[in-house]
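Chemist: Sequence:
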Amino acid sequence: MAATAVDRDEIVERTQRLVRIPSQYIEGELVQHAEIARELATAMREVGLEVTVEEPLPDYPVVVGSTGPADGGPTIGVIGHYSTVAIGDPAEWKHEPLGAEVVGDRIYGRGTADQKGGIAAVIVAAKNLVASGADLKGRLRLLLVPGEGCTEMALEPVVAQTPDAVRCDIYLDSDGGPGKISLVHGGWIWLELTVSGKGGHSGALTSEGTVPINPIAKLVDVLARLQVPDWLHGERHPLFGQEYGRYSEDPIVDINVLRAGSKVNIIPNEARAQVDIRMLPSQSIAGTLADLDRVLDELRARDPELEVAYRVLNRSKNPHEVSPDHPVIAAIRETCRELGEPEPKLAGSFGGGRAALAEMGPVLHFGAGGGSGAHAPDEYASIDRLVVGARLHARLYERLLT
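For what it's worth, numbering that gives the first Met the number 0 labels the leading residue of the sequence shown as 0, then goes sequentially.
FYI, nobody ran anything at the bench for these hints, they're computed from the structure. There's no promise every hint is true.
With beta-carbon atoms standing in for the labels, derived distance ranges [as the list claims (entries may be wrong)]: (1) Ala-330 to Val-294: 40 to 48 Å; (2) Asp-8 to Arg-258: 29 to 37 Å; (3) Arg-258 to Glu-45: 19 to 27 Å; (4) Ala-33 to His-232: 26 to 34 Å; (5) Arg-293 to Ala-4: 36 to 44 Å.
Straight-line Cα separation of at most 30 Å, DSSO-like style, residue types lysine-lysine; simulated pairs [as the list claims (entries may be wrong)]: (6) Lys-262 to Lys-344; (7) Lys-136 to Lys-197; (8) Lys-344 to Lys-136; (9) Lys-197 to Lys-344.
All C-beta atoms, glycine included, are put in the ideal place defined by N, C-alpha and C.
Given these sequences and hints, build the entire structure.
Modeler: See the structure below:
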C-alpha cells in the first residue's frame, strides 16, 4: 500500500468520532478528558501504533502513539491538541456544534478545524506508514495533548516527570494547514493588572475636600502607556509578520478583559485588566517582566497617587527558533513539490504552547488540517484539505524514516 493512498471516508469518520466527544477547555474550569483520550488511544491502536497514556495533571492525559523502537534512527514527534474552545451560544450555530454534519466538502462542528480534523489526518497518515510495510529506520511518535490557545498545560509537567515518554529528535506541530512552516516561535505572558483607589460616592469630595482617586481613570492611563509596546526591548525578526499577515513584526500588547465598578454613581475601590503580551524571539520572560516593572515605576514616579500591581496568570516558555537550513524543512518542501502542492513559506508564530518540548528537540509547525471558523460558530474542516494534509504527512514520515 502506498503511504499516500489516503481513504477519504476514513478521515471523515475519524473526524466525526472525535468531534462528537465534548472536550472543551475553558480557563479555570475542570473539563473531563477521559472519553476523548480513550477514543484517541483506541484509534491509534487500530492503526498499529503502540500506545501509552501519561497523566502529569489529573484529567489532562497526554496520549502517545509510536511505531516501535527507533533502532538507532531519528524519532519524529507529531503534536496535536484535542481540547477545543467552548461552544458558546448554541443559538448562534446553524449546524449542531457537536454533530459533525457533512455538507459538501465541509464537516461542521466545534474542533473540526482546530484541531480534531488535523488529528484524524495524522492518525490516518500514521496508519498508511505502518500499512506500507516500509522498513523504518527510525520511529514516528504522535503526541496528542490537552489544552487550547497557547495553553497545552500538560506538556511542561510531562517533560519534567516522564521526559522519555515524549522525547523526540524533532517535533512537528500539526495544527492548522500545510501552507506554511513556522520555525520561529515567540512566547507569551498573560497578566492581570490591578489599580487600587478609595471608593466613595460619585460626584462628592472626600472628607479632606479633594476629588476621590478613581482607579478606573488611573487604569486607563496605565493601559494607554502599555498599549504602545515601545517599552519592550527586543529586535524584530524577518519572519514575523509573514504568517497570513496576522502577526506583527513588533511585540503585541492586547488588553482583552476589563473588570471594575458595580453602579453608575459609586467610585470603585479597584479596577482590573487582563493583558496578553506576545514576545519576539529576541525577548525572554524575565526580560519582558523587567521591562514591565520599569515602565510601571516610571508611571508611579510621574503620578505619586498611582497604586498599581500585577500578577502573572500564565506564561509560555521562552521564545525559540529553528534554523531555516534544518534538513526537515528541505524534506517538507520536497514532499510538497512531489505531491503537486504549493511550496510552503517560512513563517513565524507568536504562539508558544509547545515551547516546553523545545528543551528536548527543535519544534516546527507544519499543519495537517484545513478549514475555517476556529473559535467561532459553524466552524468547519475542509475534507479535501484534510486528505491533502494526510497525504503530505504520510509521505513526509516515509521520507524521514525510510
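Chemist: Determine for every hint whether it applies to the structure shown.
Modeler: Structure-based check of each hint:
1. Range check, Ala-330 to Val-294: Cβ separation about 44 Å, and the 40 to 48 Å hint holds.
2. Remark: the range hint 29 to 37 Å for Asp-8 to Arg-258 is contradicted by a beta-carbon distance near 49 Å.
3. Taking the beta carbon of each, Arg-258 and Glu-45 are about 47 Å apart, not inside 19 to 27 Å as hinted.
4. The hint said 26 to 34 Å for the Cβ distance between Ala-33 and His-232, and at roughly 45 Å that hint is violated.
5. About 59 Å separates the C-beta atoms of Arg-293 and Ala-4, a value inconsistent with the hinted range of 36 to 44 Å.
6. Straight-line distance between C-alpha atoms of Lys-262 and Lys-344 comes to about 52 Å, which puts the hinted pair past the 30 Å bound.
7. Distance check on the hinted pair: Lys-136 and Lys-197 sit about 68 Å apart at the alpha-carbon level, beyond 30 Å; violated.
8. Distance hint between Lys-344 and Lys-136 is fulfilled; the C-alpha atoms sit about 28 Å from each other, no more than 30 Å.
9. The suggested pairing of Lys-197 with Lys-344 is violated, with an alpha-carbon distance near 54 Å, which exceeds 30 Å.
In summary, the structure is inconsistent with hints 2, 3, 4, 5, 6, 7 and 9 from the numbered list given earlier, while agreeing with the others.
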